[in-house]
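Undergrad: Top to bottom, those sequences are chains W and V. Take 1 as the starting number for the first sequence in full-length UniProt numbering and just add one per residue. Take 1 as the starting number for the second sequence in full-length UniProt numbering and just add one per residue.
Because the hints were derived from the structure by calculation, they are not lab data. Be aware that a few hints might be false.
It does not matter which identical chain is used: a pair holds within one copy or between any two.
[As the list claims (entries may be wrong)] In silico SDA-like links for lysine to any residue, alpha-carbon gap of 25 Å or less: (1) Lys-27 with Trp-267; (2) Lys-27 with Asn-108; (3) Lys-107 with Glu-119; (4) Lys-296 with Leu-22; (5) Lys-295 with Arg-127; (6) Lys-89 with Cys-131; (7) Lys-27 with Gly-139; (8) Lys-107 with Glu-288; (9) Lys-93 with Arg-4; (10) Lys-296 with Ala-164.
Below, each chain spelled out in residue letters.
Protein chains: 2
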Amino acid sequence: MDKRQEIEACSARISDYIEHTLIMESKHIENFLCNDLYFKCENFQKSGSFKMRGATNAILQLSETQRAKGVITHSSGNFAHALALAAQKLGVKCYIVMPHDAPYVKKNAVLINRGEVIECAPTMDSRERVCGQWMEETGATFIHPSNNRDVIIGQSTSAKELLAVHPDLDVIIVPVGGGGLLAGTILAAQVFGKEGIEVYAGEPLEADDAYQSLISGEITFNESTNTIADGLRTNLGDVNFPIIKEGVKGIVRVRENEIISAMRVIWERMKIIVEPSSAVALAVLIKERPLFEGKKVGIILSGGNVDLDRLPFDK
Amino acid sequence: MDKRQEIEACSARISDYIEHTLIMESKHIENFLCNDLYFKCENFQKSGSFKMRGATNAILQLSETQRAKGVITHSSGNFAHALALAAQKLGVKCYIVMPHDAPYVKKNAVLINRGEVIECAPTMDSRERVCGQWMEETGATFIHPSNNRDVIIGQSTSAKELLAVHPDLDVIIVPVGGGGLLAGTILAAQVFGKEGIEVYAGEPLEADDAYQSLISGEITFNESTNTIADGLRTNLGDVNFPIIKEGVKGIVRVRENEIISAMRVIWERMKIIVEPSSAVALAVLIKERPLFEGKKVGIILSGGNVDLDRLPFDK
């Protein structure tokens, strides 16, 4: 099966379980930036982020026997929420390994979708040990949040939908964290985009492992991840890195204040709620304006899960 | 010209200048309330509120001679913003009388649309005196924010668009402040709604002049307006009150905490930004749930202009 068939089959497979999200425009932001701009609103996706696409596809690709034993992942963010919701919809048991000190709101997002939260210590070691134990005990299949081909293909369907409506985009910009959305977007652009379409990624300067990986040619890890874009603190993996290395036009790093400013522009002008990770993509466009001048740009707004009690605006 | 013709002509007249706003649904809120629910998103309207509809219609109804001399209103809220933007689009001069202590963000919304801000003292007396002076000096036509037939007909087009897509609504709920949106919605429901469609209004308990007016049969004024729903502090007028008295099914008063809770539900679940005044309509549905059970309900989300630095969520 070639890439096109793979993505099209996935699109059909997950169609009934996901939202075919809205594409918004903003005259105000366009006028300011001198671009044609199209925002693919994954903040309106079920579970509040694009992760629902990959989670749903990954579960649907399992055999009956596998499904009967459930799925497991480690995440305290959007993938946990998405996998729990997708599993619930598909009648599959779902286990989420999460540090015991994860915020209550994160645990709750899993619990309300009837996922089971398995607590571990807040270390990589503990997480993998606990995850291994539970896989052994339950026989559940591990679904990695971003370094899994079925997840990547699932994430590609957002750009596919965007290109179906706007096939003449010159550029697509997405945020990069674990690399699933970026790799999926690259694959979709290669298949459904016009000749010469470019995919850029935005990354917080404070967690610039993908940028460093691209330079060094090897997967690099963050020493610290002190960024408000909590969805982008993770690192690339061996499944998505080759796709990214080959296909990304560039990774642009943005500062924390640039992320918050872009987030404010989206909230104030578009009247929609996006999380800081989503704002990173617009921050790239604002920062590197000359690079994109006069181009037709698609931006994937990756999600809208924020804690309203802890917003970065009030001073 | 009958009501139907009047509204249809208005709809055609303003069509190129306004946004035909999105109608959103929310499975989560529906499941919680056991309703079919349709949200008409005037928060996505140009200028950030439904007021753009009435402002545009009112200016378009002026003669060439009147337009040449400009328009004037007193408002420190959404109507000021809308009238300035509509006037700018139509090449008409616009004067806004505003108390000198109005927040900078309100003045700025007028200024960026090239409206002229005329400052007055923060009293009713000063406002009317200053407004009168400027009308005399400039010959500008006064456009009342809500008590003006052209404005009311303009506001009716939101419900008209909603009913064009969902003609079988049992109920429409809107917030009531000055009464323009409520009166317009009643007129649209009478013409485009099914037999027996009901229009309800929501009002803050802290500024319940419309509720009191309905009981007493005479326009009542607020003694205080200590509500977060800043768009709803105004009172009814002699043009819209007869329409409201005859056509509204009921006015439901909601408390401040109920407004904030409903606002939080919309922000968290629908990922869109609405102002407190908009949340009042959903607060009615939540508060009087049995009244609407099993009914197909339309809610007009009136606007999305909030100051992100002063949100009511963070504790």
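Undergrad: Hint by hint, note whether the structure agrees.
TA: Status of each hint after checking the structure:
no.: 1; hint: Lys-27 with Trp-267; result: both (14 Å within a copy, 23 Å between copies)
no.: 2; hint: Lys-27 with Asn-108; result: between (37 Å within a copy, 19 Å between copies)
no.: 3; hint: Lys-107 with Glu-119; result: within (10 Å within a copy, 52 Å between copies)
no.: 4; hint: Lys-296 with Leu-22; result: both (18 Å within a copy, 23 Å between copies)
no.: 5; hint: Lys-295 with Arg-127; result: neither (44 Å within a copy, 48 Å between copies)
no.: 6; hint: Lys-89 with Cys-131; result: within (23 Å within a copy, 60 Å between copies)
no.: 7; hint: Lys-27 with Gly-139; result: neither (52 Å within a copy, 33 Å between copies)
no.: 8; hint: Lys-107 with Glu-288; result: neither (37 Å within a copy, 31 Å between copies)
no.: 9; hint: Lys-93 with Arg-4; result: neither (31 Å within a copy, 55 Å between copies)
no.: 10; hint: Lys-296 with Ala-164; result: within (14 Å within a copy, 33 Å between copies)
Hints 5, 7, 8 and 9 from the list above are not met by this structure, while the remaining hints are.
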